[in-house]
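Protein chains: 2
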Amino acid sequence: MNRESLKESVRSQMPAARWQHTLGVVETSIRLAARYGADPDKAELAAILHDCCKSWPVDRQAAVIREHALSEDVLQYDKELWHAIAGAWVAEKEYGVNDPEVLDAIRYHTTGRAGMTLLEKVVCLADYIEPGRDFPAVNNIRELAEHSLEKALVAGFDSTIHFLLDRGKKIYPLTVLTRNALLFELESAGGTMREP
Amino acid sequence: MNRESLKESVRSQMPAARWQHTLGVVETSIRLAARYGADPDKAELAAILHDCCKSWPVDRQAAVIREHALSEDVLQYDKELWHAIAGAWVAEKEYGVNDPEVLDAIRYHTTGRAGMTLLEKVVCLADYIEPGRDFPAVNNIRELAEHSLEKALVAGFDSTIHFLLDRGKKIYPLTVLTRNALLFELESAGGTMREP
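Read top to bottom, the protein sequences are chains A and B. Quick note on this note's numbering: the first sequence kicks off at 1 and runs consecutively. Quick note on this note's numbering: the second sequence kicks off at 1 and runs consecutively.
Treat the hints with care, as some may be off.
Not everything, but these chain A residues come out facing chain B in the computed CB check (under 10 Å) [as the list claims (entries may be wrong)]:
(1) S12
(2) M14
(3) P15
(4) W19
(5) R35
(6) D39
(7) P173
Coverage of chain B stretches by chain A, computed from C-beta distances (three or more under 8 Å per stretch; other residues unrestricted) [stated by the list, open to error]:
(8) 86–99
(9) 161–169
Since the hints were derived computationally from the structure, they do not count as laboratory data. Every residue gets a Cβ at the ideal spot worked out from N, C-alpha and C, and that includes glycine.
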């Protein structure tokens, strides 16, 4: 499937506002990839597909996770997390993406993971800061993104964890492991990792 | 060692303010134990010993953890966490405590764990709310403690996680697993667990 047909197919499965968000993540992923030295083509492909099943009914997302035994523990946590894991499966099986780096960038775009690749960091951060995003910490995260992928991602996960605490929601353990891993990376690099 | 000699020995290893805090945790643990049906004698013993090595030099705390291979991962996290794990070892080996419930209440008084016992909840919560404590959320936690051990503990861990986020510190994974486990307990009990 060429890039335009792929975009058309993904667009057809979501409301206009979600597609607008996707285009924002595409644009920001390409920009961050260029800035930090990730592959812009892989960044674009992962960004197009990152929310490919986010607008599906959550039961259908859960069914994909359950039927294919994909990180089923996530089903005990916030529904907002499910589409990333289901989406990586859809990207592979329904869109024929076979690049594991791209699939992992889709799979981990919401939670991250310990040992994130550069591409995973780019797409995850782009999802926090694309131009359509508007939440209290977003301008701070955008500013940090000019200087350090890792510092910006820590600030992104901080905002997610604050959001969950304020609403009495459970915190998906991987989110905290990811934030800790980024802080360990920053410590061992003396606070200066992934400057452009 | 009788209770008075034990208190005298623990007192001698800490500054007056830390001993004052310990007496507050003893008093509050006994009160919470009576209210929620835990063993008041075990609660008192765990409370007397909960900070038994908190005033030791941190290198000595770390040495206990390293030499006896006790949850060594904790050494990558905040030093404030070390005394609980080292303290359980000291309580057993130096004070001859052999009741595993009491030792676990000391070991998990700072982080909690998934599946906390009633005694562990009592001592952990008492440590948050003893009369000498003064931090922004403490009155809210004290109020919740009148109605639900689990809700009060969730609020306690919320305050700890906020504190760590605000300072850019790593979050010990067990802290989040404990908070999630308490929320799962509250969900399955319909929000009404451990009311007195």
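Results of checking the hints against the structure:
For A/S12, the interface hint is violated, since its Cβ never comes within 10 Å of a Cβ in chain B; the closest pair sits about 37 Å apart. Proximity of A/M14 to chain B is violated relative to the hint, the smallest CB-CB distance being about 30 Å (cut-off 10 Å). Interface hint status for A/P15: violated, as the beta-carbon distance to the closest one in chain B is roughly 31 Å, over 10 Å. Contact between A/W19 and chain B, as hinted, is not supported at the beta carbon level, the nearest pair being about 33 Å apart and thus beyond 10 Å.
Among the interface hints, the one on A/R35 is violated; its C-beta lies about 23 Å from the nearest C-beta in chain B, farther than the 10 Å criterion. The beta carbon of A/D39 comes no nearer than 30 Å to any beta carbon in chain B, farther than 10 Å, and the hint placing it at the interface is violated. The closest approach between the C-beta of A/P173 and any C-beta of chain B is roughly 6 Å, which is under the 10 Å cut-off, so the hint is satisfied. Counting residues of the region 86–99 of chain B whose CB lies closer than 8 Å to any CB of chain A gives 0, so the stated coverage by that chain is violated, three being the minimum.
Only residues whose C-beta sits within less than 8 Å of a C-beta in chain A count toward coverage, and the region 161–169 of chain B has 5 of them, enough to reach three; the restraint holds.
Hints 1, 2, 3, 4, 5, 6 and 8 from the list above are not met by this structure, while the remaining hints are.
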